[in-house]
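Student: The residues making up each chain are set out below.
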Amino acid sequence: MTTAPRAGGWVIALSFLVAFLLAGVPLPDSLDRFRPDWVAMVLIYWGMALPHRVGIGVGWLVGLLLDVGRGALLGQHALALAAVAYLTGQTYRRIRVVPPWQQAFSILVLLLVEQVLVFWISGVIGYPPRDWWYLAPAVGGMVCWPLLFVILRDVRRYFQVT
Amino acid sequence: MFAVNPSAILRLGLWMALSIVTMTVDHRYHYLDGVRDVLATAFYPLHYLVRLPTDTRNWLTENLATRGALLEENARLREKQIFLNAQLQKLTTLEAENRRLRSLLESAVNTPERVLIAEMLAVDFDPYRHYILLNRGRRHGVYVGQPALDQHGIIGQIVRADPFTSTAILITDSNHALPIQINRTGVRTLALGTGNFQELELPHIPNNEDVKVGDLLVTSGLGGRFPRGYPVGTVTRVEFDPGSPFARIIAKPVAQLDRIREVMLLEQGATESEPAAPAAPAAPQQP
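Residue numbers (the working numbering), protein chains in the order written: chain H, 1 to 162; chain U, 1 to 287.
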């Protein structure tokens, strides 16, 4: 589909692995509510930085792994992350030109879409969310975005991932 | 490069359709259990990696504890063992007596249970579903429907057994119902999960029923999943509303569901035979 050079695929894989680890690390309850969805954020980053490499298919696959890791319905996060990857692919030109703290607001919207999709499916199978706290991870993700962006950008430049 | 990409929406549609198919198949027909098994096994090292910091800290505190602290702990444990042994003596005589009486009545004898100890893997699931992941799986003899306890009482049951790990649903999950009995009066009902670790709800108890705050709830053994007589919770709130036919009764689980580390899985030789009674089975049910 593309003839662009491809290098450093292992960096992308490793960043997802770290995101999976961060998603499972135990946190105190008060922070746990705001635990960002690291996997989705890493996906958004790569979708923005390397849209020709990380797209809907990668999003779906990563989401499927997240389903297994979380013990969710197979396909639940896959659907949500495929949608997030699609939206990233459609909007990255507008998002990535602004500084990271401004990007954070767009990221908030993308993460909200993901949360709503995931919980919509949970609701369908009989686990409707009890309160509005289920949107809190998106807020946590927005706060952490500038940090994640700077780290991943430096990693990408250092290892020359293209 | 892809200034306009009409194929993106098409691809999104395809992937979404695929996820809807996998979700339906997973939810309704369980054809994908094999796939999940393979992927879950691949995740196993990851779970251990996540636990590594906590495990290391525990290992260090255990190994670097001072001699004094160890001696103190040892003395405390010995004291506790004597106390428990004394209770156990009483229990053995009671059990023997119970068995004799039951044989006199020609009713089913309680089958002894074996216990498998599993540790919770420190992995956080979706905060709205009370599921925990355990480090014992099918290879160790875990099976779906196996009751799980901690040292205080019932915590839940196994809903999925992978080769090396298993998933348990807690009694406080909003989709879980547990057949129970009030120990003092013998009234049978269900304990429904509320999605809150500290609350169980007891439906269908009439306003004129004798229920007091502090009453102990034990499993009734109906439904065949849980053995009878294990503590479940204590009643914390009883509200009689003259306008509604049933009392509103809230209980608190005796197990510390938000601080689980080790879990005991009961292996039942055979389920106790108990006359069928109008109570729902212990399987997760729709609220």
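Mixed in with the good hints there might be a few duds.
What follows is a set of in silico ranges between Cβ atoms, one per label pair, in the way DEER data are often shown [said to hold, decoys possible]:
hint, chain 1, residue 1, chain 2, residue 2, range
1, H, P128, U, R184, 45 to 53 Å
2, H, Y158, U, L70, 29 to 37 Å
3, H, P146, U, I117, 32 to 40 Å
4, U, A69, H, V113, 47 to 55 Å
5, U, P206, H, V143, 49 to 57 Å
Honestly, the hints are just simulated from the structure, not real lab data. In this text, a Cβ means the ideal position worked out from N, Cα and C, and glycines have one as well.
Student: A separate judgement is required for each hint: does it hold in the structure or not?
Tutor: Do the hints match the structure? See the list:
Taking the beta carbon of each, H/P128 and U/R184 are about 35 Å apart, not inside 45 to 53 Å as hinted. Between H/Y158 and U/L70 the C-beta distance comes to about 48 Å, which lies outside the given range of 29 to 37 Å. Under the hint 32 to 40 Å, the C-beta atoms of H/P146 and U/I117, about 45 Å apart, miss the expected range. In this structure, U/A69 and H/V113 meet the distance hint of 47 to 55 Å, their C-beta atoms being roughly 52 Å apart.
Range check, U/P206 to H/V143: Cβ separation about 51 Å, and the 49 to 57 Å hint holds.
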